[in-house]
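Let the hints inform the model, and build the full structure from the sequences given.
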Amino acid sequence: MTTTAKGIHRVAVLGAGTMGHGIAQVCASAGCEVALYDIDEGTVLEGLDRIEGNLDKGIDRGKVTRDERDTVLDHLRGSLKVADAVAGASLVIEAAPESLELKSGLFQAVQKAAPDDAILASNTSSISIERIAAGLDRPSRFLGLHFFNPVHIMKLVEVVWGPETSHETLELGVAFVRRLGKEPVVVKDAPGFASSRLGIVLGMEAIRMVEEDVASPQDIDKAMELGYRHPMGPLKLTDLVGLDVRLGIAEYLHETLDSEAFRPPELLRRMVADGKLGKKSGEGFYEW
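Okay, so the sequence shown: first residue is 0 according to numbering that gives the first Met the number 0, each after it adds one.
Errors might be hidden in some of the hints.
[Unchecked claim] Pairwise CB distance ranges, derived in the manner of DEER restraints:
no.	residue 1	residue 2	range
1	LYS187	LYS111	23 to 31 Å
2	LEU225	ASP116	44 to 52 Å
3	ALA272	THR70	40 to 48 Å
4	LYS5	ASP73	16 to 24 Å
[As the list claims (entries may be wrong)] Below, in silico cross-link-like pairs of lysine-lysine (PhoX-like), each with a Cα-Cα straight-line distance of 20 Å or less:
no.	residue 1	residue 2
5	LYS56	LYS154
6	LYS80	LYS111
7	LYS181	LYS5
Source of the hints: derived by calculation from the structure; they are not laboratory data.
The structure displayed is predicted, hence computed values, not measured ones.
Every residue, glycine too, gets a C-beta built ideally from N, C-alpha and C.
Listed below in structure tokens is the structure:
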């Protein structure tokens, strides 16, 4: 097994969407050779384009030099095959949609092709690490690395340890997060971990307040931003994450924890059914 975070030179990121491309960017920025995998070629190309766009914005803001941008892009490559992406990888980070079946299936393919000493990690925001790792030959080297969107800006990463995660794997996860310039928080494997469990409660209650016409989405968000110094209100955050994503997490937590605090409001269900998914669809609680 790799003994230090500095020894992680090759990273595979599985999933080139909203979270995956950002994870790939920060890993490449830390000097890793990164393979960005997705089953769809268009998604891979879009993910790489979004990384280049993020870096160009960094240049415009004086935070990234052109040489730094070019170096990061040189560290990145796309891949359409899991076996190709994970070959020689020291770390594999899965960033697929929140489906236990999908994530478990991916890791079954990963363990057949990745080096025996590779660390395997999931970016899941709510699904049990123990359940995802259930079919793995070496669950001791599996953990959660839950990044936040937009990854290249947000500092927090939840490092989630399951019941079979080894102490060495956990320490490596924490050290690698720090190498990325992020701040790790260590969380025991529990439904919703820390951030999703707290964030979903706040988000669902904010949606119920809109449903009950307590206040406008803008005023609810402003109350949290100015009254509690949240950088972004819960409804704007829901738009950014995706209403469909938040609905899926809320349903999972409601079922798993058997708590009414997580029951999705009917307004959320209607908006998702109507295709109002937030920023990615152009409309949610705000117009984008």
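*Between LYS56 and LYS154, does the CA-CA distance stay at or below 20 Å?*
With a Cα-Cα distance of about 18 Å, the restraint between LYS56 and LYS154 holds, given a limit of 20 Å.
*asked:* Please check whether LYS5 and ASP73 have a Cβ separation lying inside 16 to 24 Å.
replied: holds, 20 Å
*asked:* Need the status of pair LYS80, LYS111: alpha-carbon distance at most 20 Å?
replied: Since the Cα atoms of LYS80 and LYS111 sit roughly 13 Å apart, the hinted pair holds (cutoff 20 Å).
*Just tell me: holds or violated, for the beta carbon distance of ALA272 and THR70 against 40 to 48 Å?*
Distance hint for ALA272, THR70 holds at roughly 45 Å.
*Range hint 23 to 31 Å: satisfied by the CB atoms of LYS187 and LYS111?*
Given about 29 Å between the Cβ atoms, the range holds.
_LEU225 paired with ASP116, Cβ distance criterion 44 to 52 Å_ = Check passed, 49 Å falls within 44 to 52 Å.
*Do the alpha carbons of LYS181 and LYS5 lie within 20 Å of each other, as the hint requires?*
holds, 15 Å
Violated hints: none; the structure is consistent with every hint.
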